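Colleague: Protein chains in written order, with the numbering used here: chain H, 1 to 178; chain X, 1 to 299.
Derived by calculation from the structure, the hints in this document are not laboratory data.
Covered stretches of chain H, as calculated for chain X (at least 3 residues, CB under 8 Å):
no., region
1, 14 to 20
2, 66 to 77
3, 117 to 131
Reference excerpt, derived from the structure (chain X facing chain H, CB under 10 Å, subset only):
no., residue
4, THR55
5, ILE58
6, TRP132
Derived CB-CB ranges, DEER-like:
no., chain 1, residue 1, chain 2, residue 2, range
7, H, ILE86, X, GLN187, 47 to 57 Å
8, H, ARG158, X, TRP65, 28 to 38 Å
9, H, LEU151, X, ASP123, 23 to 33 Å
10, H, ALA25, X, PRO274, 31 to 41 Å
11, X, ARG6, H, ALA9, 23 to 33 Å
Computed from a prediction, not measured in an experiment: that's the story for all the values here. Glycine is no exception: its CB is placed at the ideal position from the N, C-alpha and C atoms.
What follows is the residue order along each chain.
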Amino acid sequence: MKPPVALTALGLLAALVQGALAYLAPAHLVPDLSLLVTLAAALVLGPAAGLVVAATVGLGADMVSGTLLGQLACLRLLDLVLTRGIAGQLDLRRGLPLAVFAFALVWIDGFGQAGLSLLFLGEFPLRAGELVTLGIRAAVTAPLAPLVGALARRVCERLDESEARREMRLETRRAVLR
Amino acid sequence: MSEFLRRIRLPLLFAALLLGTLALMLRDRGDAAEERHWAARALLELAAPVQKAITRPILFVRETWERYVALVDLHAENEALRAEVARLEEENLQYREALVTSGQLRRIVEMRRDFEVPLLPADVVGEDASPWARSLLLDRGRSSDVRSGMPVMIDQGVVGLVSATSLHAARAMMILDRRSAVDAMIQRSRARGLVRGLGTGELEFEFMVRGDDVGVGDEVITSGVGGVYPKGLRIGTIRSVSADRSELLHTARVEPSVDFGRLEQVFVMLRRGPTMELLFGGGDGDLPEPEPKTVAERR
Numbered sequence: 001m002k003p004p005v006a007l008t009a010l011g012l013l014a015a016l017v018q019g020a021l022a023y024l025a026p027a028h029l030v031p032d033l034s035l036l037v038t039l040a041a042a043l044v045l046g047p048a049a050g051l052v053v054a055a056t057v058g059l060g061a062d063m064v065s066g067t068l069l070g071q072l073a074c075l076r077l078l079d080l081v082l083t084r085g086i087a088g089q090l091d092l093r094r095g096l097p098l099a100v101f102a103f104a105l106v107w108i109d110g111f112g113q114a115g116l117s118l119l120f121l122g123e124f125p126l127r128a129g130e131l132v133t134l135g136i137r138a139a140v141t142a143p144l145a146p147l148v149g150a151l152a153r154r155v156c157e158r159l160d161e162s163e164a165r166r167e168m169r170l171e172t173r174r175a176v177l178r
Numbered sequence: 001m002s003e004f005l006r007r008i009r010l011p012l013l014f015a016a017l018l019l020g021t022l023a024l025m026l027r028d029r030g031d032a033a034e035e036r037h038w039a040a041r042a043l044l045e046l047a048a049p050v051q052k053a054i055t056r057p058i059l060f061v062r063e064t065w066e067r068y069v070a071l072v073d074l075h076a077e078n079e080a081l082r083a084e085v086a087r088l089e090e091e092n093l094q095y096r097e098a099l100v101t102s103g104q105l106r107r108i109v110e111m112r113r114d115f116e117v118p119l120l121p122a123d124v125v126g127e128d129a130s131p132w133a134r135s136l137l138l139d140r141g142r143s144s145d146v147r148s149g150m151p152v153m154i155d156q157g158v159v160g161l162v163s164a165t166s167l168h169a170a171r172a173m174m175i176l177d178r179r180s181a182v183d184a185m186i187q188r189s190r191a192r193g194l195v196r197g198l199g200t201g202e203l204e205f206e207f208m209v210r211g212d213d214v215g216v217g218d219e220v221i222t223s224g225v226g227g228v229y230p231k232g233l234r235i236g237t238i239r240s241v242s243a244d245r246s247e248l249l250h251t252a253r254v255e256p257s258v259d260f261g262r263l264e265q266v267f268v269m270l271r272r273g274p275t276m277e278l279l280f281g282g283g284d285g286d287l288p289e290p291e292p293k294t295v296a297e298r299r
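Please work from the sequences and hints to get the whole structure.
Modeller: Here it is in structure tokens:
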């Protein structure tokens with residue numbers, strides 16, 4: 001139970017950090033950290049826990065951002081399903097494939113945002129200028145994917161280990177049945 | 001039956017979450033007047049100190065770098081300047097006085113006097129995490145009487161509108177946001193139209209009058225119509241006008257008067273316009289209401 005909670009907290013923290021970085025640098029130079037946490041969640045968690053984490057992280061990002069409430073949550077769910085689908089075909093545990101996939105996912109996510117904006121606000125916000133900034137954002141985000149993936153894996157392993165250790169301790173206190 | 005349920009559990013969970021997010025989007029789009037859920041307010045409340053904690057050290061280091069380390073080339077000149085320190089100290093008092101009576105401080109004082117509405121200074125502690133929306137995170141919230149729908153401005157002009165609040169933080173949608181629309185007019189010809197955000201650093205002015213009533217270099221100000229912003233606030237300057245005379249609706253590109261890339265402190269006008277008051281109702285945002293007086297009316 002602990003790893004999903006930890007990844008949710010990591011995802012929400014990522015959204016807050018992203019907002020702070022956007023104040024210090026142009027928005028397109030800020031990596032999409034909450035997307036990377038969702039990507040990592042898809043790789044290290046089970047499908048049900050991953051879906052709940054993705055939706056919660058997306059909703060958290062919606063709450064600290066000016067987007068429609070639910071917009072990023074919807075996209076994170078789709079990102080997660082897509083990542084799990086691709087992870088079944090390709091080995092996304094290695095750095096380079098993961099970075100390449102993250103690069104593609106930022107583009108897909110961008111078009112998803114634009115599509116939802118068209119659907120709910122009646123405007124498709126992607127023009128030539130936005131495509132360039134989306135490309136820059138993808139290039140900035142992709143190299144961080146292996147790092148965030150490794151961090152998420154490490155956090156989950158540590159929490160799983162501590163849980164297993166506690167279970168072992170409890171096991172030794174049991175009465176021996178003969 | 002249980003085997004069937006176990007098999008469809010995941011698709012069911014996915015569909016439920018997806019439908020939930022779509023329902024949230026529909027609700028958020030349709031009901032602009034509703035304050036956000038308590039969980040959203042709680043996260044917004046948490047966002048301000050966290051983002052402040054991240055940005056402040058970086059800003060401090062940046063300022064220190066600019067002030068001291070970047071001046072390392074001027075080290076040689078420091079020796080000569082030391083001789084002037086005594087004289088500068090004598091002049092220091094005069095400089096302070098000059099600072100108060102000139103520049104930005106004077107403009108701010110004039111602005112506060114012009115509107116006769118309490119203007120609350122608020123620090124900008126963060127920007128939108130999403131590049132698709134343009135909003136600011138402010139360090140003042142409901143405890144300082146900030147409510148959704150209140151205009152946000154600086155001495156250069158309109159910044160935007162408070163869109164969400166928590167106890168000690170608020171989110172303000174900038175006029176650059178795609179969802180922003182401000183009823184505006186040309187100061188010279190009084191031609192009226194609508195200023196829309198493009199999501200980038202520019203604005204678009206939509207108008208229906210003759211093309212020559214709007215020209216490059218014209219100042220665009222708020223019209224006061226719409227009951228959101230007071231009349232006479234600067235929005236920007238016309239940069240180009242669409243040449244197509246066959247269209248009924250003309251458009252012009254507007255360069256905002258506010259430098260949105262350098263916002264550090266803004267002022268929240270502690271009064272909601274009549275439209276916002278109708279939308280939000282009196283209960284949530286009852287504030288002492290001075291008689292609205294605009295710059296134009298005062299003059």
